[in-house]
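**Student:** Can you make the complete structure from the sequences, with help from the hints?
Protein sequence lines, in the order shown, are assigned to chains A and B.
Using numbering that gives the first Met the number 0, the letters of the first sequence correspond one by one to residues 0 to 355.
Using numbering that gives the first Met the number 0, the letters of the second sequence correspond one by one to residues 0 to 355.
Worth flagging that the hints you see were computed from the coordinates, not collected in a lab.
Heads up, some of the hints might be wrong.
[To be verified] If you want a taste of the chain B side facing chain A, the calculated C-beta under 8 Å gives, among others:
#: 1; residue: Tyr55
#: 2; residue: Lys60
#: 3; residue: Met96
#: 4; residue: Gln105
#: 5; residue: Cys109
#: 6; residue: His200
#: 7; residue: Asp204
#: 8; residue: His288
[Said to hold, decoys possible] In silico EDC-like pairs for lysine to aspartate or glutamate, Cα to Cα no more than 20 Å straight-line:
#: 9; chain 1: B; residue 1: Lys61; chain 2: A; residue 2: Asp205
#: 10; chain 1: B; residue 1: Lys106; chain 2: A; residue 2: Asp205
#: 11; chain 1: A; residue 1: Lys106; chain 2: B; residue 2: Asp205
#: 12; chain 1: B; residue 1: Lys106; chain 2: A; residue 2: Asp204
#: 13; chain 1: B; residue 1: Lys60; chain 2: A; residue 2: Asp204
#: 14; chain 1: A; residue 1: Lys106; chain 2: B; residue 2: Glu121
All C-beta atoms in this analysis are idealised placements derived from N, C-alpha and C, irrespective of residue type, glycine included.
There are 2 protein chains.
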Amino acid sequence: MSRRIQQLRELISTKNLDSVIISGPSNRRFFSGFTGSAGYLLVTLSKSLLLTDFRYVNQAKKQSPEFEVRQLVGNNWIPNIAEEYDLCEIGFEDQEMTVSTYNTIQKTICDYPKNVSIALHEISKSVDQLRSVKDPDEMELLKRAIAITDQAYEEIKPRIKPGMTEKGIAWDLEMIMRNLGAEAMAFDIIVGSGPNSALPHHRADDTIVQDGHPLVIDMGARYEGYCADLTRTLMVGEPDDRFQTIYEIVLRAQTEAKKQARPGMIGSDLDKIAREIISEAGYGDFFGHSLGHGVGLNVHESPNIGPNSKDILKEGMVFTIEPGIYLPVWGGIRIEDIVVMENGSTSVISQASKLD
Amino acid sequence: MSRRIQQLRELISTKNLDSVIISGPSNRRFFSGFTGSAGYLLVTLSKSLLLTDFRYVNQAKKQSPEFEVRQLVGNNWIPNIAEEYDLCEIGFEDQEMTVSTYNTIQKTICDYPKNVSIALHEISKSVDQLRSVKDPDEMELLKRAIAITDQAYEEIKPRIKPGMTEKGIAWDLEMIMRNLGAEAMAFDIIVGSGPNSALPHHRADDTIVQDGHPLVIDMGARYEGYCADLTRTLMVGEPDDRFQTIYEIVLRAQTEAKKQARPGMIGSDLDKIAREIISEAGYGDFFGHSLGHGVGLNVHESPNIGPNSKDILKEGMVFTIEPGIYLPVWGGIRIEDIVVMENGSTSVISQASKLD
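**Tutor:** Set out below in C-alpha cells:
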C-alpha cells in the first residue's frame, strides 16, 4: 500500500494539488485495503485519513493500518479537514462522485462558518491510468482469479449436453468457481444458446441448449477483489461448416491482435487490427462492440481498446482481447482471453482450451 | 409499466419540465423492464425512448415493448433529441449521474452546432419517493424474495454447529437460496461470530463458530430484481443471561417500533421509539446505525429511518426495522424484519423464526 500511496502523492504534486479525496469503492480498496461499502480516503502529501461511518470504523482500523481512521459525523468533514490541514486544491473522482454528492460538498464549503477557500479538481482519468498498470501483488491475485475461471471452464465443458438450460449451466459454473476459491462472480455469467448467443450480453435464462446450436459462455471469478473475464464459444454437437468458418475468422482476428499489440500503441489501432480481419471476411457489420478492456479490481477498467480509444498501451497493463461476430437468428461467436503487456509484447494469461 | 410511466409524466408536469432522463440501473428497470447494464430512458409527455449500445439493442426491444429503442451512437444524443422534440427543461438523476457524465453532457450542449437551450434539473429525490411506495406487482416479487430468505434461514438454523466457518455458513445459505429460486444474493451475506458479530457489516471469513458465542446472520435473496433483507442472531450452544438480556432489549425495541409506526410519521420519530428503549436500558452508545431503510429494487432505498431522517412514512411503503446492540469483544445482536405500511399500521412480511 505504501508504494500506491506514494504514487498518489506524486500525482498530487504533478497536478499542483495539496490533497485528493478517493470515493470510488475500487480505488478506496486499491489505496487502503479497506473493503467496506462506504467511506472516503483523504490523502495529503504527509497525511492519510480514512473516514467512514459507525458500521465500518473497526473494520477499517484492521484493514488499513497505514491510515488514520476517523468516524464520519455530519456533512462538514471536508471544510473541517481543509481547515485543519490548510487544504485549498483538492482532487476528486469525477467519474465516481455523483452530481448530488458534489453539490452537497460545495454547499458545505459555501455555508462553512469560517472562511475556507477550496477548489475541487477532476482526477479520475489520472487515477485510472495509475491503476491500469498492475503491480506484482495485483498480478498474483489476477492470475489466481483467471486460473479458477479456466479450471471451471474445463470442468463444465465435457458435461454440456443438449437438454440443459442456460441458467443451469451458469449455476453449475458458479458452484465450481466458488468451490475452487472464488469469493464471488466478477459479473453475472452469460450463457447464450442459439439465437441468444447473438446477444453479446444475454442473461442466462430457461432456454434449453440444443444440438447444432452455438453456445457462448462468458464468465469470470473474483478473487480477493480481482476479476477474471473469459469467453469461449462451443458448438453443441458436431460443428458445421458455417460455425467452423466464422470461428476461424474470430480466432484469427484475436490471434493477430495478440501478436501485433505493442507498448506505445493506441487502443484504437489495436482494435483496428482485429476489426479489419473481420471486415475483410465480410462480417464487419456484425462486430459491434470494442475489441477489449482493462481488467483488475473492476471487470471493465482502463485501458479501453475500442474504435475511438486514445488510451496508450503500456508495459504492465492487463486487458482482454475479445472479437466477436453476431448473426441475428443463427447466433454468435466470441473468443476472449486476458493478456498482459510484458517485455514489449503480450503474454496470454487465460489458458482455457479452444476448439481444435 | 404504463402506470409507472404515467406517474413519471405527472412528475414532469408537476416540476414544470418537458422531459426526464433516467440513467440509474434500478430506475431504468422500474420504468421500462430493461435489465441491461447500460442505457438511458428519455421520457417526454408523449414519447418514451430507450437508448442503449449495440450489445443491448435486441434485448431492450424484447424487454421494453412500450419504449422506442434506439442505438446510442456518439455523444450528441441529448442535444439531438432535444432538437428533434423541442425539449428545454430536462430532469436528470443527480444521485445517479456522475460529475463526469454531467460535464460531458453540458459540453455536448454547449458545442452543439445548432442553437439549443437546455437546462438540467435535479429529480432524484422525487423519483425515489415515487419508487418508495410499492405497487401490487412489486409486492408479489418482494414477498417471493422474502419467503425464499425466510425458508433458507429455517433450513440452516438447525444445521449450525461449533466448528463451522462463517464463510461455510454463508456459502451454504447462498446455495439454499439459489436452489429455492433466488437469481442472486441481494448483498454479500454477513455471518459474524463472537467478536465479529459486534461489527455490523462484518464480511464472512474463516472464523470458526464457537459454543457460547453470539452469531449474527444478515442475508437476502434477490428475485426478479427485488431484494430481501433479514437479520437473525443466535447463540451457538445455550444462551447465557447476558445474551438473553440484550436479546430481549433489542426485540422489545423492534416490537415497539413495529407497533407504533403510522402513516404520516417522520422517519426520525420512528427511529427514536426504538432508540429510546435501547438508551433507557443503558445501551444507547452501542446502537450506532439507523433503525431501518426502504427496500425494493435496491437493498437500501427510500425511506430512510434514522435519527436525521425527514422522510414521511406512507401507505404502501416497504422498509426494514432492525435495531441492534454491539458490544466490542463480546459481540452484537441485531434483529431485522421487513414490514409494509398498510391499513394505517405495519404488517410484518418476514416470517423467519426468532428465539423463543
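**Student:** State for each hint whether it applies.
**Tutor:** Each hint, compared with the structure:
1. Hint on B/Tyr55 holds. Least Cβ distance to chain A is approximately 6 Å, under the 8 Å limit.
2. Taking 8 Å as the C-beta contact cut-off toward chain A, the hint placing B/Lys60 at the interface is violated, the least distance being around 11 Å.
3. Interface restraint check for B/Met96: the shortest CB-CB distance to chain A comes to about 5 Å, inside 8 Å, so the restraint holds.
4. Look at B/Gln105: its Cβ only gets to about 11 Å from chain A, farther than 8 Å, so that hint breaks.
5. Because the smallest distance between the Cβ of B/Cys109 and any Cβ of chain A comes to about 17 Å, over 8 Å, the interface hint for this residue is violated.
6. Interface hint status for B/His200: upheld, as the beta-carbon distance to the closest one in chain A is roughly 5 Å, under 8 Å.
7. Among the interface hints, the one on B/Asp204 is violated; its C-beta lies about 10 Å from the nearest C-beta in chain A, farther than the 8 Å criterion.
8. Annotation: interface hint on B/His288 holds; nearest CB of chain A at approximately 6 Å, less than 8 Å.
9. Taken as a hint, the B/Lys61 and A/Asp205 pair is honoured in the structure, with Cα atoms around 16 Å apart against an allowance of 20 Å.
10. At roughly 44 Å between alpha-carbon atoms, B/Lys106 and A/Asp205 are farther apart than 20 Å, so this suggested pair is violated.
11. Taking the CA atoms of A/Lys106 and B/Asp205, the gap is about 44 Å. The hint is violated against a cut of 20 Å.
12. This hinted pair does not check out: B/Lys106 and A/Asp204 have alpha carbons roughly 40 Å apart, beyond 20 Å.
13. About 17 Å separates the Cα atoms of B/Lys60 and A/Asp204, which keeps this hinted pair within 20 Å; it holds.
14. Taken as a hint, the A/Lys106 and B/Glu121 pair is honoured in the structure, with Cα atoms around 15 Å apart against an allowance of 20 Å.
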